[in-house]
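Model the placement of chain C on the given structure of chain F, informed by the hints.
Here's the letter readout for the chains.
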Amino acid sequence: MKNKKIKVLMCCLGPETHNRGIIVVSTILKEEGMEVVYMGNTTAENALKAATEEDVQIIGVSSLSGAHLRTGKNLLDLAKQQGNDKSIAFVIGGVIPPNDVKILKDMGFYDVCVSGTTKGKIISVIKNAAESVQPN
Amino acid sequence: MTSEKKTTAEILKENIITKKSKTYDQDYLSRVQKGLDQWKKEKVKPDDLEKWAVVPLTVLGSEIPREMIYTPLSIANSDYADEIGNPGEAPFTRGIHSNMYRGRPFTQRQLVGFGGPEDTNARIKYLLNHGATGINLLFDMPSIQMYDCDDPMSKGSVGSCGCNANHVKDWELLYDGIDIAKESSSIVTHYPSNTSIIFPMYLVMAEERGVSWDQLKGSSQNDMTMEELVRNASEYIPPKDCFRVECDNIEFIRKNVPKWNFITLNGYNFREFGTSGVTEMAVATAHGMAILDEMIRRGYEVDWVADRLAFFWSGGMDIFEEVARLRAMRRLWYRIMKYKYNAKNERSMLMRCHLQTSGMSLVREEPYNNAIRSAFEALAAVLGGVQSLHVDSYDEAISVPSEEASLLSLRTQQIIEHETGVTSVVDPLGGSYYVEALTNLMEEKILAEINEIENQGGYVEAIANGYLSRKVYNYMYKEQMRIEKGEIKIVGHNYQKSGEGENFEAFQYPEECEERQLQRLKEHKQNRDDAKVEKALNELRVACKEGKNVMEYTVNCARAGCTVGEQWKVFKEVFGLWKRPSVF
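Protein chains in written order, with this note's numbering: chain F, 1 to 136; chain C, 137 to 720.
Chain F on its own, in the form it takes in the complex (with noise of 0.2 Å):
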């Protein structure tokens, strides 16, 4: 995986309003050097289906609305569901309260950037997810 320029897709799941957090996050992904594809709002369904397509290893998903728990579960179960939870890495972001971060982390989340995560840790948690992939 070292050489392979790391490729990364940013969602939010369902029909979030927020996106200062994504544009941000995307851009400093961007200037990294990484590959962003930016989706923006979509379901659980077609952000893997993108995924799957554009040969991403991570998605990138974005929460601010309170909803995570829940469409964090219907993102993971469906991966694992396709067998694709070892070869895409999943970090969830945003507004997301200190004792849901061990949940989505149990859930398969491999990292969660809450509001305030600084340019630095968001790179190293990108790099490190994508070291941790699987390919199938």
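Hints are not guaranteed to be accurate.
Said to hold, decoys possible - Restricting the straight-line Cα-Cα distance to at most 20 Å, the calculated cross-link-like pairs of lysine to any residue (SDA-like) are: (1) F:K30 - C:R618; (2) C:K353 - C:D377; (3) F:K119 - C:V195; (4) C:K621 - F:G108; (5) F:K30 - C:R606; (6) F:K119 - F:V37; (7) C:K158 - C:Y206; (8) C:K633 - F:V114; (9) C:K715 - F:Y38; (10) C:K658 - C:E670; (11) F:K102 - C:V195; (12) C:K141 - C:I432; (13) C:K391 - C:W440.
What the hints assert, rightly or not - Derived contacts from chain F toward chain C, CB cut-off under 7 Å, selection only: (14) T17; (15) V24; (16) A67; (17) T71; (18) T117; (19) T118; (20) P135.
Stated by the list, open to error - A partial selection of chain F residues facing chain C, derived with a Cβ cut-off under 7 Å: (21) N41; (22) G66; (23) S115; (24) S132; (25) Q134.
By construction, these hints were calculated from the structure, which means they are not laboratory data. Virtual Cβ for every residue (Gly too), placed ideally from N, Cα, C.
Relative to the frame of chain F, chain C by itself:
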């Protein structure tokens, strides 16, 4: 824009002739100047002289340099009568009423909305029982983006960040036991499309209760900036159609619901998305003018529309800038209405506004600090003379506010009103050399940015061609990096940081509301008359195509039991989808 068409700035420049009976005479100013020069020489450190003007770096700030002190010289060219005036008289710099809060306190309108209609109903009643003086209703992500709760897009998001409501039956639950003839409601529909679809459900609920529409008091947001520029979505209708729907809504509501504010020109969400208080006001003003131009084109008198235009601002941390720009905006709006639009009705010239404290300024570390931030922002809003206020809650960087946090926000408003004494004097900061100088500067800056928008071809075009998206994008990224580098200090977050805010019990909205709402929608669809639904949707389709006023038809859709999602599908089908210019 044709070359002979004058810009707003040019029109104002030609028409504003002040009598120039200066507040200070020349002799007096010469003495002040002499004294100032001497003071600088004798008392001021060279370092301070060198850094005479500094730029306060604050979240969502305007980066306007500030001098170390302001003196009569800073406002030597200001005329009290022409440029400041007494409150309740032109140019309304000091406030829209002569007695301001002595006569009528600011409406204490806390946002509310989460879960299903019954959950939100309970919170509304809780706030009203604790002294809230207005309802301020937010919708969940599916409803606001116009998807029904059974749409695949909605799965997992129902009830998040607002109240879920799909059809009129949900509205009956939402307002159960609340007297809509008495309580005023701000229905935060955000978008023109959504206002067109959702607001009629409120009207039909009133109809069913036997409350006539002329008794209803409140406002709907109905703002194109929100739909086309600010919101994150997978489907947008083209800007010109969105603008038409916005104006259709205005026309219908103005004719049929006379006490209703048919638009709140949105600055808040636009600024919070990532822009300064100056750009916020410039865009909302340009937007207001675009509406007036269109309504005049449709054959209406300017006053018929303008006397119900209202604004919605974000309140940032830079206290004096916030006060100054509210004062500046009142003066500028008066001047535009008087000199550009020749309004006759005084009410048309008043910049009436609701203000919400900034959510962007709140952080998750040491969340109780946010209560202090919000309180300062709220104080600035009151010193600036707003009509209505929402104070953000300390837990908003972590979750939807808990009941306790909502109550603290309401208490913040009540403490400002009843304990601080600031409401006893009108425009208490008026006459401050600093505040008056900054007010002048803010007005200039706002007008300059209006000019930039007009150079793009006006408000609708500046959205359609991506100019405003790029402007926001550049601001937001630069600001984010400044926060990262610690140039903009946020205590507990990037300065004096002591923890991550780990031990905090966040409010959880009732997630099981999704099942409740799905069941309710299913029953609703079984019980309605399908032929009526089809007929209403078809008539809406035709109206959209033929340029008839859409709200005439969405009201019938609401009566027939059509859902939010069904009507949005008609809009998308007729208007087609617009690809928003990319910012990357």
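Here's how the hints hold up against the structure:
1. F:K30 - C:R618: It holds: about 18 Å lies between the C-alpha atoms, which stays within 20 Å.
2. C:K353 - C:D377: With Cα atoms ~28 Å apart, C:K353 and C:D377 exceed 20 Å; violated.
3. F:K119 - C:V195: holds, 18 Å
4. C:K621 - F:G108: Answer violated: C:K621 to F:G108 is near 32 Å, above 20 Å.
5. F:K30 - C:R606: holds, 17 Å
6. F:K119 - F:V37: It holds: about 19 Å lies between the C-alpha atoms, which stays within 20 Å.
7. C:K158 - C:Y206: holds, 17 Å
8. C:K633 - F:V114: holds, 16 Å
9. C:K715 - F:Y38: holds, 14 Å
10. C:K658 - C:E670: Distance of about 17 Å is within 20 Å: holds.
11. F:K102 - C:V195: Given pair F:K102, C:V195 is violated - Cα atoms ~30 Å apart, limit 20 Å.
12. C:K141 - C:I432: Satisfied, since the Cα-Cα distance of roughly 16 Å is no more than 20 Å.
13. C:K391 - C:W440: The hint holds at about 10 Å.
14. T17: Since chain C brings a Cβ to about 5 Å from F:T17, closer than 7 Å, the hint holds.
15. V24: Holds, because the Cβ-Cβ distance from F:V24 to chain C comes to roughly 5 Å (cut-off 7 Å).
16. A67: holds, 4 Å
17. T71: holds, 4 Å
18. T117: Violated, about 10 Å.
19. T118: OK, holds: F:T118 within 7 Å of chain C, min 6 Å.
20. P135: violated, 27 Å
21. N41: Since the shortest Cβ distance to chain C is 4 Å, the answer is holds.
22. G66: Constraint on F:G66 satisfied, holds at 5 Å.
23. S115: holds, 6 Å
24. S132: violated, 23 Å
25. Q134: At 27 Å from the nearest chain C Cβ, F:Q134 fails the 7 Å test, so the hint is violated.
Of the numbered hints given earlier, the model fails hints 2, 4, 11, 18, 20, 24, 25; all others are met.
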